[in-house]
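S.K.: Below, each chain spelled out in residue letters.
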Amino acid sequence: MEVKVVKDILSANDRIARRNQRLLDEHGILTINIMSAPGAGKTSLILQTITKLKQKARIGVIEGDVASTIDANKVHEQGVAAVQINTAGGCHLDANMIESALNNLPLGDIDLLLIENVGNLICPAEFALGEHKRVMLLSLPEGDDKPYKYPLMFTEADVVLINKIDLLPYLEFNTAAFHKAVTGLNPTAKILPVSCKTGEGLEDWFSWLLDAIGEIKRGGSIAC
Amino acid sequence: MHELSITQGILSIAVEKANEVQASKVTKINLIIGELSGVVNECVEFYFDLLSKDTIAAQASLSFHQPPIQLRCRSCAAVFSPDNLDWACPICREQKIEIISGRECRVESIEVD
Numbered sequence: 001m002e003v004k005v006v007k008d009i010l011s012a013n014d015r016i017a018r019r020n021q022r023l024l025d026e027h028g029i030l031t032i033n034i035m036s037a038p039g040a041g042k043t044s045l046i047l048q049t050i051t052k053l054k055q056k057a058r059i060g061v062i063e064g065d066v067a068s069t070i071d072a073n074k075v076h077e078q079g080v081a082a083v084q085i086n087t088a089g090g091c092h093l094d095a096n097m098i099e100s101a102l103n104n105l106p107l108g109d110i111d112l113l114l115i116e117n118v119g120n121l122i123c124p125a126e127f128a129l130g131e132h133k134r135v136m137l138l139s140l141p142e143g144d145d146k147p148y149k150y151p152l153m154f155t156e157a158d159v160v161l162i163n164k165i166d167l168l169p170y171l172e173f174n175t176a177a178f179h180k181a182v183t184g185l186n187p188t189a190k191i192l193p194v195s196c197k198t199g200e201g202l203e204d205w206f207s208w209l210l211d212a213i214g215e216i217k218r219g220g221s222i223a224c
Numbered sequence: 001m002h003e004l005s006i007t008q009g010i011l012s013i014a015v016e017k018a019n020e021v022q023a024s025k026v027t028k029i030n031l032i033i034g035e036l037s038g039v040v041n042e043c044v045e046f047y048f049d050l051l052s053k054d055t056i057a058a059q060a061s062l063s064f065h066q067p068p069i070q071l072r073c074r075s076c077a078a079v080f081s082p083d084n085l086d087w088a089c090p091i092c093r094e095q096k097i098e099i100i101s102g103r104e105c106r107v108e109s110i111e112v113d
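Going down the list, the sequences are from chains A and B. The numbering used here puts the first residue of the first sequence at 1, with every later residue one more than the last. The numbering used here puts the first residue of the second sequence at 1, with every later residue one more than the last.
Among the hints, a few may not be true.
Heads up, simulated DSBU-like pairs for lysine-lysine below, C-alpha to C-alpha not over 35 Å straight-line [claimed, not checked]:
(1) K96/B to K133/A
(2) K190/A to K53/B
(3) K146/A to K96/B
(4) K180/A to K17/B
(5) K7/A to K25/B
(6) K28/B to K180/A
(7) K53/B to K133/A
(8) K217/A to K28/B
(9) K25/B to K197/A
(10) K28/B to K7/A
(11) K25/B to K180/A
(12) K17/B to K7/A
(13) K56/A to K7/A
(14) K133/A to K25/B
(15) K190/A to K17/B
(16) K197/A to K17/B
(17) K190/A to K28/B
(18) K25/B to K149/A
What the simulated footprint calls covered on chain A by chain B, stretch by stretch (three residues with Cβ under 8 Å from a Cβ of chain B suffice, anywhere in the stretch; the number is not a length) [claimed, not checked]:
(19) 17 to 30
(20) 187 to 198
Hints are computed from structural coordinates only; laboratory data are not their basis. Model, not experiment: these values are computed from the prediction. Glycine included, every Cβ here is placed at the ideal spot set by N, Cα and C.
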């Protein structure tokens, strides 16, 4: 006997993600899911953001890594609340892991929660965590052809940061072609060229974040 | 690697549905997994054998239906399957596209005894 099901395989994850988002909304915490390939600069971006914004917003961080606590330690040294999730080989964070991490964070004392996903351009795009915004980081050495190799990641992003822009003189990265490819897939994506090393362009990122925090504080979810 | 989570999802959906209709055994699970979902069928089969042991879905066969990638041009509204890396519209050559098919990832039906 055949029984119709027609159910999305990730529906259980999506249900937990919605629950996470309700909890985050209740506490007025802007939550950002930061995704990129390994080495693109997610941790550097988080550290720069903490340095610049910690006087203006109370920041919390969830660090996702396959193994080690290196990144969480760096964040912790900055004096912000941090939780490390080791996925033990898993290639992405899922909503269930975030739910456990939220239990270990002082939610009443956080305005901005930065989630560093596992370095990977494929799987993290599939798993909602409960975040309000998705930020994708592409570093210049990865090449301008990535949007068509990893289309879902670029389709899902609210902001695409082009990191390591200080390397532009040394690399053959076609910025115009990259812009065209990203906006072709995702016309509303905000594209910001930055360097987490020199600080170039980061002001635009900070002001985008502050605006988004303000929006959350004024009430109402700004869910993606 | 996300096949492990995907397989856990498939198994729990199938077992839950089978219990709902009071079936004693799941013999087949029909899946719709789009080309863009990045799921490797062989990995899902491997994990399924491990995870389904001692469940009513043990030894169920998995059937994969893979809808191809279909895109719609946001410039001229043409619908096409991409045959090149840059996903340009074959009619107007614009690269402004919307994904309309290929992201599917669902359990369509189960066959039970």
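S.K.: Would you mind marking each hint as holding or not holding in the structure?
M.R.: Results of checking the hints against the structure:
For the hint pairing K96/B with K133/A, the CA-to-CA distance comes to about 23 Å; that is within 35 Å, so the pair holds. For the given pair, K190/A sits about 47 Å from K53/B by alpha-carbon distance, which is inconsistent with the 35 Å threshold. Under the criterion of a C-alpha separation no larger than 35 Å, the hint pairing K146/A with K96/B is consistent with the structure, at around 16 Å. Taking the CA atoms of K180/A and K17/B, the gap is near 45 Å; set against the 35 Å cutoff, the hint is violated.
This hinted pair checks out: K7/A and K25/B have alpha carbons roughly 19 Å apart, not beyond 35 Å. Taking the CA atoms of K28/B and K180/A, the gap is about 44 Å. The hint is violated against a cut of 35 Å. For the hint linking K53/B to K133/A, the alpha-carbon distance of about 39 Å lies beyond 35 Å, and the restraint is violated. Between K217/A and K28/B the alpha-carbon distance is near 49 Å, which puts this suggested pair outside the 35 Å criterion.
In summary, the hint linking K25/B to K197/A is not supported, as the alpha carbons are separated by about 58 Å, beyond the 35 Å threshold. With a CA separation close to 16 Å, the supplied pair K28/B and K7/A stays within the 35 Å bound. A distance of roughly 52 Å separates the Cα atoms of K25/B and K180/A; the hinted pair therefore is violated under the 35 Å criterion. For the suggested pair K17/B and K7/A, the alpha carbons sit about 10 Å apart, so the restraint of at most 35 Å is met.
Simply put, K56/A and K7/A have alpha-carbon atoms about 43 Å apart, too far for the 35 Å limit, and the pair is violated. The hinted pair formed by K133/A and K25/B fails the criterion: a straight-line CA distance of about 42 Å is larger than 35 Å. Pair hint K190/A plus K17/B does not hold up; C-alpha atoms about 42 Å apart against a cutoff of 35 Å. At roughly 53 Å between alpha-carbon atoms, K197/A and K17/B are farther apart than 35 Å, so this suggested pair is violated.
Between the alpha carbons of K190/A and K28/B the distance comes to roughly 45 Å, so the proposed pair goes past 35 Å and is violated. Taking the CA atoms of K25/B and K149/A, the gap is about 40 Å. The hint is violated against a cut of 35 Å. Chain B is given as covering the segment 17 to 30 of chain A, and this is violated because 0 residues of the stretch bring a CB closer than 8 Å to a CB of that chain, at least three being needed. With 1 residues carrying a beta carbon less than 8 Å from a beta carbon of chain B, the segment 187 to 198 of chain A misses the three-residue requirement, and the given coverage is violated.
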